[in-house]
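Undergrad: Residues per chain are reported as follows:
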Amino acid sequence: MMKLTDLFRFLLIALLTVVVTPARAQLSIEITGAGANRFPVAVAVMDGEAQLPRSVTEVVRGDLERSGLFSLVEMGPRPMGESVPPDFAYLRTRGADAIAVGTVVPAQSGKYEVRVRLYDTRQEAQLDALTLTMTPAQYRATGHRIADVIYERITGLKGVFSTQIAYVVKSGNQYKLQIADSDGANPQTALASNEPIISPSWSPDGSRLAYVSFEAKKPVVYVHTLATGLRAVAANFKGSNSAPAWSPDGNRLAVVLTKDGLSQLYTVNPDGSGVTRLASSSSIDTEPAFSHDGKWIYFTSDRGGSPQIYRISTQGGRAERVTFEGSYNVTPRPSPDGQTMSYIARTANGFQVAIMDVATRQFAVLTDTGRDESPSFAPNSRMILYATEIGGRGVLAAVSSDGRIKQRLSVQAADVREPAWGPLPR
Amino acid sequence: MRYPLAASMLALSLLAGCSSTPMSSDQGAAVEDRSASSAGSIPTVRPDQPQGAGLAALRDPNNILSKRSVMFDYDSFTIRGEFMPLVEAHARFLVANPQMKMLIQGSADERGSREYNLALGQKRSDAIKKALMLLGAQETQIESVSLGEEKPRCTERTEACYAENRRGEMLYAGEF
Numbered sequence: 102m103m104k105l106t107d108l109f110r111f112l113l114i115a116l117l118t119v120v121v122t123p124a125r126a127q128l129s130i131e132i133t134g135a136g137a138n139r140f141p142v143a144v145a146v147m148d149g150e151a152q153l154p155r156s157v158t159e160v161v162r163g164d165l166e167r168s169g170l171f172s173l174v175e176m177g178p179r180p181m182g183e184s185v186p187p188d189f190a191y192l193r194t195r196g197a198d199a200i201a202v203g204t205v206v207p208a209q210s211g212k213y214e215v216r217v218r219l220y221d222t223r224q225e226a227q228l229d230a231l232t233l234t235m236t237p238a239q240y241r242a243t244g245h246r247i248a249d250v251i252y253e254r255i256t257g258l259k260g261v262f263s264t265q266i267a268y269v270v271k272s273g274n275q276y277k278l279q280i281a282d283s284d285g286a287n288p289q290t291a292l293a294s295n296e297p298i299i300s301p302s303w304s305p306d307g308s309r310l311a312y313v314s315f316e317a318k319k320p321v322v323y324v325h326t327l328a329t330g331l332r333a334v335a336a337n338f339k340g341s342n343s344a345p346a347w348s349p350d351g352n353r354l355a356v357v358l359t360k361d362g363l364s365q366l367y368t369v370n371p372d373g374s375g376v377t378r379l380a381s382s383s384s385i386d387t388e389p390a391f392s393h394d395g396k397w398i399y400f401t402s403d404r405g406g407s408p409q410i411y412r413i414s415t416q417g418g419r420a421e422r423v424t425f426e427g428s429y430n431v432t433p434r435p436s437p438d439g440q441t442m443s444y445i446a447r448t449a450n451g452f453q454v455a456i457m458d459v460a461t462r463q464f465a466v467l468t469d470t471g472r473d474e475s476p477s478f479a480p481n482s483r484m485i486l487y488a489t490e491i492g493g494r495g496v497l498a499a500v501s502s503d504g505r506i507k508q509r510l511s512v513q514a515a516d517v518r519e520p521a522w523g524p525l526p527r
Numbered sequence: 018m019r020y021p022l023a024a025s026m027l028a029l030s031l032l033a034g035c036s037s038t039p040m041s042s043d044q045g046a047a048v049e050d051r052s053a054s055s056a057g058s059i060p061t062v063r064p065d066q067p068q069g070a071g072l073a074a075l076r077d078p079n080n081i082l083s084k085r086s087v088m089f090d091y092d093s094f095t096i097r098g099e100f101m102p103l104v105e106a107h108a109r110f111l112v113a114n115p116q117m118k119m120l121i122q123g124s125a126d127e128r129g130s131r132e133y134n135l136a137l138g139q140k141r142s143d144a145i146k147k148a149l150m151l152l153g154a155q156e157t158q159i160e161s162v163s164l165g166e167e168k169p170r171c172t173e174r175t176e177a178c179y180a181e182n183r184r185g186e187m188l189y190a191g192e193f
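Top to bottom, those sequences are chains A and B.
Just so we're aligned, residue 102 is where the first sequence starts under our numbering, counting upward by one.
Just so we're aligned, residue 18 is where the second sequence starts under our numbering, counting upward by one.
Check before you lean on any hint, since a few could be wrong.
[As the list claims (entries may be wrong)] The calculated EDC-like cross-link candidates involving lysine to aspartate or glutamate, where the alpha carbons are at most 16 Å apart (straight line), are:
(1) A:K318 to B:E192
(2) A:K360 to B:E192
(3) B:K147 to A:D350
(4) A:K396 to A:D350
[As the list claims (entries may be wrong)] Quick partial rundown of chain B residues pointing at chain A, CB under 10 Å, derived from the structure:
(5) R109
(6) E132
(7) K140
(8) S142
(9) R170
I should point out that these hints are in silico values taken from the structure, not numbers from a laboratory.
Since the model is a prediction, treat every value here as computed from it, not as a measurement.
Think of the CB as a built atom: it goes at the ideal place given N, C-alpha and C, for glycine as much as any other residue.
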């Protein structure tokens, strides 16, 4: 595997603003800040791609460009197949440190085989090779898979181009819980309601979403199987039921119930059985989230007089305060790699996405917007998706965990909120 | 138990307005639907529609019972003195009509986290529920829930607007 730092030799690119609008996407993504050092990679037009109605190469390029970590070296319209090694010396003069080449050949029953090779032009060595079979309609999924491999080989982190995101769109008094590809393409509506929907949470296997719907004129937690549309009530006790969060093994849901008084933490089975109280306090306890290893539940509590983040062992015991700076720190979201926690801090500029190193408790504010809510880590822990407001309209935005890369995702003429980044596909 | 006819008719008609009563088998008998043209036709029960003389007071704009909103100060869950007569009137109504059920929806202004605001709205609906119970209403008559910041009455970003959204709404079965 190449080391990113070894390859950041010659670029000092100032913060760029690159607008990329994916074809037919309802959510459009705009990059508003990119990495200072971007890895120069070439993605050649795949040989034989003209047979396909839509270009896989363009999907790969769009993914890498939007990630903010790569600069695409212009390679022109000439296709480059994978059967012969590329001209490394020429590629080096073009400034490309890596190149992806590929060949599309017809396969059985209307499908196509896509063979891709990724090379390091300095070592003149192959980094990876893969073969995918696709129908012409799967050009986007195929492109995302290829981009994932390129991303992983070069950065050492899992690519998240093949993942999906969930979010709520409000237009007028209509609420839609939508699922889209991580680039905003292929939005699908899982639930449409005249009542609010909040707090979607992906099951670890990506097959189900837990969320809070107000369709019964009160908050009730549902678990929705996406493939079938079947829903189960996970928590509908007297009072309010909210803030579902999956355990890492997918067997339990942490929820907030008010059946015994104030908003308190419980766990339930996803089918609504087996309700167990997790902690007791005489204050608000809400917004639970499991740590990646399932050992801790982070949550928001006002037990100290102002809302702050605490954590408690899933085995029980005393709660431990995590945030101390400021008078309002809420919505803890531990990263999938266990290193950091994202949350919302009230600062002089409003409500902003912050990140804290779990071990050192050092923290930093990552955004320059002032109405941020609902941070959600990408499964590789590199990006944080969140809701904010720009021009009086709810939009989704994403920021890298180092604060350098910033993206904005918006839908025309609607408010978008409550994002949740789905897991890596199985 | 035996009631005089008129009283039992009232009690039954109140029951019919009560969607969560377990005595649903009585509801069909309670509705006096004179529009049903032919004998033997079966009236349609709509348990979500309040009916009966006792409920008229809830809709009479001159009756305090038609008022349902209790407003709260910022970061406060205390019922202000000006709203106590309203809460007392509804407590008396609940005591006099033990078959009536109430849903209290608490709300918060939009600032900050949706889930934390849901918990704040719950504290407001709980405060109203506790006051009603201290005044004699039964726990089984009341459910307190929260709408958080999701159902603002006012959508401007002014202090006046935020104040309007920090409230609890007392709704009887059939009204929500």
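Undergrad: For a quick check of understanding: which of the numbered hints are violated here, in increasing order?
TA: 2, 3, 5 and 9
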